[in-house]
Amino acid sequence: MPVHTVSSADGVTISYTQDGAGPVALVFVHGWLGSGAWWEAQRQALVDHHVVVQVDLAGHGASGRRQVPSARGYIADVQAVVRAVPTSRVVLVGHSMSGAYVLEAAAELASVAAIVLVDTLKNVEQVVPPAQIEGMLALYRSDYHTAIEQVAPQWLFGPRTPAAVRERLTREFLAVDGETAAALLAPLYQLDLRAGADRATVPVRAIHSDLHPSDPVANRRHFRDFAERILPGLGHYPMLEAPAEFTAALVATLDELALG
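Take any residue in the sequence shown, note its place counting from 1, add 2, and you have its number in the numbering used here.
A hint or two may mislead.
Claimed, not checked - Here are the simulated DMTMM-like pairs of lysine to aspartate or glutamate, each with C-alpha atoms no more than 25 angstroms apart in a straight line:
(1) LYS124 to ASP194
(2) LYS124 to ASP257
(3) LYS124 to GLU247
(4) LYS124 to ASP12
(5) LYS124 to GLU110
(6) LYS124 to ASP21
(7) LYS124 to ASP212
(8) LYS124 to ASP227
(9) LYS124 to ASP200
(10) LYS124 to ASP50
(11) LYS124 to GLU136
Treat the hints as calculated values from the structure; they're not laboratory data.
Put together the whole structure using the sequences plus the hints.
This is the structure we're talking about:
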């Protein structure tokens with residue numbers, strides 16, 4: 003599939019793939035330590051009727067590295083790719099940490115018609131204590147292998163997560179060092195998620211697993227137009243764990259929004 007590059011606001015080179023044709027572009031943005039390749043099953047399923055774009059954020063995949071990762075930088079990465087996409091209607095699909103970044107990016111992009119959150123921003127009113135955040139990042143810096151192999155699985159994988167997906171993700175996570183992993187994640191906690199939700203003007207939909215509870219009532223207090231779908235038994239990576247099931251949920255969501 004065609005690979006493209008674009009310069010982010012600070013000059014970092016952002017790599018993305020673009021395939022397909024249609025009036026609506028689906029711009030998929032991976033989560034922490036991922037890449038656009040996480041959405042390959044969705045590309046194959048959707049490319050006949052949509053432009054499908056798979057982004058590598060700075061510091062991930064084939065994109066350039068930012069000396070100091072930042073939330074503003076990730077947001078600019080998404081915006082740079084969207085501005086290069088040759089359609090006037092875009093759906094931003096953000097997984098995990100990138101749910102926050104696509105939400106912020108959309109505020110400055112007139113072409114965005116909707117946002118789809120994937121297992122993220124389950125309750126924008128929930129505040130993670132700073133000590134808990136720093137404790138997690140400190141563990142990544144000091145004992146990353148233990149964190150990934152023994153601690154993270156209970157938070158990331160569900161009863162239906164295939165062994166092959168567990169093994170793949172563990173291998174990808176361990177391909178970086180703990181300092182880098184912590185630095186790439188830390189910017190997420192600079193953002194005010196509630197304020198970001200309050201600013202959203204387009205429909206926001208979510209496709210979640212039930213590994214951790216969501217609170218759609220809380221989210222509707224902030225998003226103007228919000229609904230969610232739940233995929234039971236999966237973990238934090240539904241697009242990899244059950245690609246056909248996840249893609250069907252995404253297609254149903256797009257159809258409901260008249261963006262299919």
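Query - Given pair status - GLU136, LYS124, alpha carbons within 25 angstroms - result: 21 angstroms, holds
Requested in this report: Please work out if LYS124 and ASP227 have their alpha carbons no farther apart than 25 angstroms.
Outcome: 15 angstroms, holds
Query - Pairwise hint evaluation, GLU110 against LYS124, where the allowed Cα distance is 25 angstroms at most - result: 23 angstroms, holds
Query raised in the report: Taken at face value, is the distance from the CA of ASP194 to the CA of LYS124 at most 25 angstroms?
Result: 14 angstroms, holds
Query - 25 angstroms limit on alpha-carbon distance, applied to hinted pair LYS124 and ASP212 - result: 10 angstroms, holds
Query raised in the report: Under the criterion that the straight-line Cα-Cα distance not exceed 25 angstroms, is the pair LYS124, ASP200 satisfied?
Result: 15 angstroms, holds
Query raised in the report: Hey, LYS124 versus ASP257, does the alpha-carbon distance stay inside 25 angstroms?
Result: Given that 25 angstroms is the threshold and the Cα spacing comes to 22 angstroms, the pair holds.
Requested in this report: Verify the proposed pairing of LYS124 with ASP50, using a straight-line Cα cut of 25 angstroms.
Outcome: The given pair, whose Cα atoms are some 31 angstroms apart, is violated under the 25 angstroms limit.
Report task. Quickly compare the C-alpha distance for LYS124 and ASP12 to 25 angstroms and report which way the hint goes. Result -> With a Cα-Cα distance of about 31 angstroms, the restraint between LYS124 and ASP12 is violated, given a limit of 25 angstroms.
Query raised in the report: Does the alpha-carbon distance linking LYS124 and ASP21 stay inside the 25 angstroms limit?
Result: Violated. LYS124 to ASP21 sits at ~30 angstroms, over the 25 angstroms cutoff.
Requested in this report: Below or equal to 25 angstroms on CA atoms is what counts here, so check LYS124 against GLU247.
Outcome: Between LYS124 and GLU247 the Cα gap is close to 20 angstroms, so the pair holds against 25 angstroms.
In summary, the structure is inconsistent with hints 4, 6, 10 from the numbered list given earlier, while agreeing with the others.
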